[in-house]
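Trainee: Residues per chain are reported as follows:
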Amino acid sequence: MSDPSLIDATEYKKIGEACKEAREYADNIIASMADALLVVSADGNIQSFNQATCNLLSLKGEALQGESIDTIFSAEALRRQFRRILKKGPVLNFETTFISGTGERIPVNISGSVIYNEEKKLQRFILVARDIRPRLAMETALKESEEKYRKLVESSADCIHMIDTEGRFVHINRAGLRLNCLKHEKEILGKSYQKMVHKKYEHVVAEAIQKVLKGETASFHYETTSPNGDHKWWDSNLVPIRCSDGKIVNMVGISRDVTEQRQSSKTIEFLREYASNIVANLPISILIVDRNFHISFTNEYFLKKMGKDQTQAVGKSLEAVLGSTYIANLELNKKIKTVFQIKEALPKERFQFKERTYDYQILPFREQIGRRHGAMLVIEDVTTMVSLEEQVRHSEKMAAVGQFTAGVIHEVNNPLCVVLGNVQYLLDHFHDLDFSKHQAAENLFQTLQVIDEEARRCGEIVANLLHFSHKGKIDKKQVQINHVVRRMAQMLEHQLQLSKIKPVFDLASKLPPVEGDANLLQQVFVNLGLNAQHAMSRGGTLSVKTSLNEAGWIQIIFKDTGPGIPKKYLNRIFEPFFTTQKAGKGTGLGLSVVHSIIEEHGGHIAAESMRRKGAVFKIRLPVAKKQGLLGKWGLR
Amino acid sequence: MKHSQKKVLIVDDEPQICSLLAKLLKQEGLNIETVSDGARAIETAKRRTFSLILMDLRMFNVDGEKAIAEIEKIDTKAKFLIVTGYVLSPVLEKKIATGLYGYMAKPFDNHQLVQKVKKMIAGRVDGKTRRKIKQNPGHR
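Line order of the protein sequences matches chains A and B.
Per the working numbering, the very first residue in the first sequence carries number 1; after that it's consecutive.
Per the working numbering, the very first residue in the second sequence carries number 637; after that it's consecutive.
I should point out that these hints are in silico values taken from the structure, not numbers from a laboratory.
Using N, Cα and C, we set each Cβ at its ideal position, and we do this for glycine too.
Check before you lean on any hint, since a few could be wrong.
Below, in silico cross-link-like pairs of lysine to aspartate or glutamate (EDC-like), each with a Cα-Cα straight-line distance of 16 angstroms or less [unchecked claim]:
| hint | chain 1 | residue 1 | chain 2 | residue 2 |
| --- | --- | --- | --- | --- |
| 1 | A | LYS195 | A | GLU223 |
| 2 | B | LYS662 | A | ASP428 |
| 3 | A | LYS476 | B | ASP649 |
| 4 | B | LYS659 | A | ASP428 |
Stretch-level coverage of chain A by chain B, calculated; a stretch enters the list once three of its residues show a Cβ under 8 angstroms from a Cβ in chain B [claimed, not checked]:
| hint | region |
| --- | --- |
| 5 | 413-419 |
| 6 | 424-434 |
Assemble the whole structure, with the sequences as input and the hints as a guide.
Mentor: Here you go:
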C-alpha cells in the first residue's frame, strides 16, 4: 500500500543528511588544502574557492565571490592558456602569475580540469593553484651556486678539467687552455687525456683513471710538451663525479703546473751536489761537531785519511774518532766550547802527527738558520808547504851565510897568504941546511912544518869557502854523469877499500848528458863519497844509482849503510861548518860545497834518513838542452 | 944573472904580500918595484916599462881591473899576472881563459908563483896567445 514514488520524509531526511555529510566532508578537504582551489564558471566568474585561495591572494572571501577571474589573472596569460585548453583538451597544467589583492605578482603552477555538461558543453573549470615561489627561489639559488662554481673553476690558476669515463676531455677551464698553450676548447675536447702526456707517463695516467673509476682519488705526476714546444711538469689530482644513483659519470682533475718549482728544485739539487763535490774532493779534512761534541758530518777526505767509513765517524764523539790523547793535548774540547760561545773562528794552529804537520782551525758552523751554533774543525796537511817554506828559509840562510863568508874570507885570505908564503920561504931555506951539524935547526924545521900543515888546512877551508861564495860562474859543457861517477869511483877506490866499504854501482845506460862543469860535479861526488866513508867507519856498502826519472831529470842517488842522520840535523847538514864529526876531523864544508855546486847547476839535492838504516842523498840535475841549429851557430 | 935587466912591478895594498912577493922574486934576480894601489901603479907605469906587472884586484883607490886597462893604454905590450883571492869578474875570467892575462889564486904556492912569473917573462906560455889576440883586437 505504499506508493513507491512517494519517498518517506524520513528517507529524504536521511538522504539530506548523507548529502550534507558528504558536502561537509568535501568542504573540509577543500578548506584544508594547502593549494588554492578555484571553481570558475564557463563565463569566467569565480563560483567558489577555498581558504587557501584567500591566503594566497591576500583577499577576503567576499572580494572573490562572483568576481571575474580577470581580477586575479593577467589577461594576456589567461587568454593564452585558454586557447591551449580549447586546443589540447580538458586537463591543463601550466605556470602563470596571479595578481594578489595587494597587487603583488605571485608565480603559481596551475593544474586544472574542465567540466562539461550533458550536452558536452563547457560548464566550468576547476583550478588548483600552487604557490611556486619557494621552488623558484630554490632554482635561483641553484643557478647562483652553479655560477659561483663555474666562476671558481674558470678563475682558477690551475688546469681544471673534466674527463669522461673513457678518459676523454669533456671540459677544460681557461687556465687549462692557457697553461697548455691552447687557443680553443675544440683543440682538446674529445681527446684522450692519456695521449696528452709524455709517452713514459701514459701508463701513469691510465692507472690513475682506472683507480678513479673504482671510486678512489688519484694523485700523480706527469710531463707534457705544449704545441709551442714548452716542456712542463704537472702534479695532478683526479676525483670521481657521481650522479644521484652513485654511478661514476665523470672525473674532475686538477693539474698544477710545477715546472718552475721543479726547475728550481733541480737547480738546488745541482748546487747541493756541486757543493758536496767540492767538499768531498778538497784535500782538507772537514768535521762538523754538534753541541754534544759529536761529529755530525765529515768529508770523504777525512774518512780516507783516517781509514774509516761514514758509520764509524758520523754520530760518534770526537774522542772516539780522533783519540782522546790528541783531544786532550790540543785542548780541542775547550777550544770548541769557546767557539760555541763567541761564535767566531779561532786562529789557525799547528800540530804534528805521525811525522806530518797539520794546520787546524775551529770555526763556528750553523747547519740551519735558527739552530744553535755547532763548530767546524778544518784540518789541513801542510807538511809539503812547511818543508817548502823550510827550503826557502834554508836557501835564504845559505845565501846570507855565503855573503858573510865571502866577506870574512877575503879578509882572512891575505894574512893567510902571507903566513903560508913566509913559512914556505923559511922551509925552503932549511932544505939547504945539514941537520947533523945543526941539531936545534931540525926542531925548528919540524915546528915550521907543523905551521905549514895547519896553514895549508886553513888554505883548503878558504878555497872551499871561496867556491861557496862564488856562484853562477861555471863553464857549462855537456857532461855524461856516468863518466863523472866512474872517475869518482877510481879516485876513491883505494880509500874505500881501506875502510872496508863495498861500492855498488847501478848506472842507467843511455842517459842524456847534463849541462855543467865536470870538475865541479866530480867534486860533488867525491865529497858525497867521502861523507859516506866517514859515516861508515866500520865498513858497509855505498851504492850509487843513476837514472832518468819520470819528470825528465837525471837522478843520482848515494846510499850508505851507516848510522843515518838524526832527523833534527837533516835540515842543517848543508850549512857551512855544520859537522857531526869531532872537532878537527872535518871542515864541515863538504856538503855545503855539494849543495852550492848542485844549485849552480840548476839542480836539487835532498837528504833522507831512516834511523839506523843509513843516509840517502838524492840529487836531481836538469838534462842538457838539445842544441838546435841556432845553438850550433852560436846564435843562442 | 940573466934576469938582471928584467923589471917587475908588484901592486898590492897588503904590505906583507908585497914584501913576500918581492922577497921571492928578488931571489930570482929580478928587479922589483912595489906600489900599494892602482893609481900609483899607473903613475909608475908612465915613467918606466916593466917586463911583468903582478896585480892584486881589490884595492883602495883604483882597483886592479881599472889599473890594467889604464896601463894597457900607456904600454900596449905590458904583461899582467893577476894575483888575487878575489872573485874574478866574468870579463876577466874570459881574458884569463884565453891567455891574455896570467892568474894566480891567493894563497899561492911559492914555487908555482915563481915558475909562472919566469914563464911569463920569457913569454913562453901566455905570450904567444897574447900576441895573437893583440893582432886581432875584435876577439876581445
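Trainee: Are the hints correct? Go through all of them and say.
Mentor: A quick look at each hint next to the structure:
1. A:LYS195 with A:GLU223: holds, 11 angstroms
2. B:LYS662 with A:ASP428: Status holds; Cα separation ~15 angstroms.
3. A:LYS476 with B:ASP649: With Cα atoms ~34 angstroms apart, LYS476 (chain A) and ASP649 (chain B) exceed 16 angstroms; violated.
4. B:LYS659 with A:ASP428: Within the cut-off at roughly 13 angstroms; holds.
5. 413-419: It holds, with 6 qualifying residues against the three required.
6. 424-434: holds (count 3)
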